[in-house]
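Enquirer: We have chain A already, so just place chain B on it with the hints.
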Amino acid sequence: MQTVTHIKEASEIDVVIERVREEDFKKMTKARFFFNWKTEKENEVYKLTLAGTDEILGVMSLVNYPGEQRCQINLLSVSKENRGKNKIYAGIAGNLIAYACRESIKLYGADACVSLHPKTELKAHYIEQYGMMDAGMQVFVEGINLFRLLEKYKI
Amino acid sequence: MKADKLKSRYTPKEQADSFVFRNKLTPKQSEDAATQLSEARKKVREQMTESQVLYAKVKQLRFQMEDYLKSEKYNQEFSFAYFLKKYIRLGYKIQKNFAKDIEVPTSELSSVLNSGRPPGKKMIVRLELHSNNAIPAVSWYRLWEKEKEYELKTDKALRKQEEKHVQNRLVFDF
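Protein sequence lines, in the order shown, are assigned to chains A and B. Start counting the first sequence at 1; every next residue gets the next number (the numbering used here). Start counting the second sequence at 1; every next residue gets the next number (the numbering used here).
Next up, chain A with everything else stripped away, as it sits in the complex:
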């Protein structure tokens, strides 16, 4: 099962990632998740919750490109209280990105790929934190680095 780390208690807590339901969009406010998530309704939007609770800690919007055998992370945000130095849980974004890898493997098998368009100043960090590779305007994960993400996040 996928887990996040409760930083103060240094404990691993089980999490669940699943598709967002229509009623969830009311909870996914700009104040808590920074973006207007209603504009993502046409994409596959996933939420991360602690197992057994309804509290959403992170959300991700995925777009599939079957012709290119890849999934693109269009948008991702962790909840306000889980950002920066004082965050409660660590590993929310990593778990969501690893889940995108799962979806890509499910659809495309050995050709699976997950990509995103990074802000220039964040590119190096996606590469360092998630093992992504540089493809100019995009970064992506495929092959062994993608498999490593699945293993790291216990998928």
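Bear in mind the hints are in silico, worked out from the structure with no lab data behind them. Certain hints may be false.
[To be verified] Cross-link-like lysine-lysine pairs, in silico, DSS-like; alpha carbons within 27 Å at most: (1) B:K7 with A:K38; (2) A:K8 with B:K13; (3) A:K152 with B:K43; (4) B:K57 with B:K85; (5) B:K5 with A:K119; (6) B:K5 with A:K30; (7) A:K123 with B:K5; (8) B:K122 with B:K86; (9) B:K73 with A:K80; (10) A:K154 with B:K96; (11) A:K8 with B:K7; (12) B:K96 with B:K122; (13) B:K24 with A:K119; (14) B:K24 with A:K27; (15) A:K87 with B:K13; (16) A:K152 with A:K80; (17) B:K43 with A:K123; (18) A:K27 with B:K7; (19) B:K85 with B:K100; (20) A:K119 with B:K13; (21) B:K24 with A:K41; (22) B:K73 with A:K41; (23) B:K5 with A:K27; (24) B:K43 with A:K119; (25) B:K70 with A:K41; (26) A:K106 with B:K73; (27) A:K152 with B:K42; (28) A:K38 with A:K119; (29) B:K93 with A:K106; (30) B:K85 with A:K106; (31) A:K123 with A:K30; (32) B:K28 with A:K123; (33) B:K28 with A:K119; (34) B:K24 with A:K38; (35) A:K26 with B:K24; (36) A:K154 with B:K13; (37) B:K13 with A:K123; (38) B:K70 with A:K106; (39) B:K28 with A:K80.
Expert: Positioned in the frame of chain A, the structure of chain B alone reads:
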């Protein structure tokens, strides 16, 4: 909070740990980005080994199984035998060789694949071991269970046949 305020509040590392931002590209930029990505991916694919390709295909099968198990719908096609046949085809051209590797008589494997014979705990555990734990025994078991659950729910003939063996049924007045 606007994006520029995020910059003052969080370091780039903290931002990458919390967000993926939308990036609007012009059609020309999109085209260039696609070409760059396609070239970079080609290099990665060329380096993939046979065992990595097999790992990906086994994981693909596992995730397809898990998603089917999670869904409430029953699909007659997605039987235990259907997924096991797909699993065998990933690494074997002849079923007999697979039967040999998991020490199951060929006739027994054939009955499981073609006649709905129960796989049994031993076979299910051997499947987990054979996949090097990539597909857990529980996933195989649940597939079998989902099939049997559907049969049990929908078997009208069995209910009719068993009626004569039940006396003094409970009666509820309300």
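Enquirer: List, from low to high, the hint numbers that the structure doesn't satisfy.
Expert: Numbers 9, 10, 39 - these are the hints that the structure violates, sorted from lowest upward.
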